[in-house]
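Peer 1: Sequence:
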Amino acid sequence: MSSPILPQIGEDLRQWGRGLTRYLTQNLYKLGFKTPDSNPSENGVILWDNVNAYPVVSRNNIFVEIVVKVGVPPTSVGSAGDKTGLISWDTNYIYVCNGSYDGSTDIWTRTSHLGGSW
1 MSSPILPQIG
11 EDLRQWGRGL
21 TRYLTQNLYK
31 LGFKTPDSNP
41 SENGVILWDN
51 VNAYPVVSRN
61 NIFVEIVVKV
71 GVPPTSVGSA
81 GDKTGLISWD
91 TNYIYVCNGS
101 YDGSTDIWTR
111 TSHLGGSW
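Reminder that position 75 of the sequence shown reads as 75 in the working numbering, one-by-one numbering, no gaps.
Honestly, the hints are just simulated from the structure, not real lab data. Check before you lean on any hint, since a few could be wrong.
[Unchecked claim] Per label pair, the in silico range of CB-to-CB distance:
{"no.": "1", "residue 1": "106", "residue 2": "26", "range": "31 to 41 Å"}
{"no.": "2", "residue 1": "32", "residue 2": "90", "range": "14 to 24 Å"}
{"no.": "3", "residue 1": "92", "residue 2": "41", "range": "38 to 48 Å"}
{"no.": "4", "residue 1": "72", "residue 2": "28", "range": "15 to 25 Å"}
{"no.": "5", "residue 1": "30", "residue 2": "104", "range": "23 to 33 Å"}
{"no.": "6", "residue 1": "50", "residue 2": "26", "range": "14 to 24 Å"}
{"no.": "7", "residue 1": "37", "residue 2": "110", "range": "37 to 47 Å"}
Note that beta-carbon positions come from the ideal geometry of N, C-alpha and C, so glycine has one too.
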């Protein structure tokens with residue numbers, strides 16, 4: 001089975017994001033699993049990384065994580081399962097996780113996005 005190819009990124013990133021969400025919803029059952037033998041030489045191949053539990057896409061001969069929105073963290077310390085690279089947002093802030101949850105270290109940072117536009 002061939003892997004689905006991502007739609008091209010256009011000028012309007014919000015519209016592309018909505019299109020990507022529709023695309024993933026319609027093609028989720030087609031996603032293959034990333035294995036040690038998976039070849040990232042063709043850009044845009046989407047696979048599920050079962051070891052790390054997130055989707056990856058091939059780009060420039062490597063597989064990179066596709067950013068997936070997670071729930072807004074309850075505190076800067078986060079909660080079990082939080083790890084570097086997670087992203088979330090709400091109506092006021094964008095949250096980025098910069099570490100792995102250990103129960104005491106501040107791993108989430110946030111920045112306001114009020115009033116800003118592209």
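Peer 1: Starting from the hint list further up, note which numbers the structure goes against and sort them upward.
Peer 2: 2, 5
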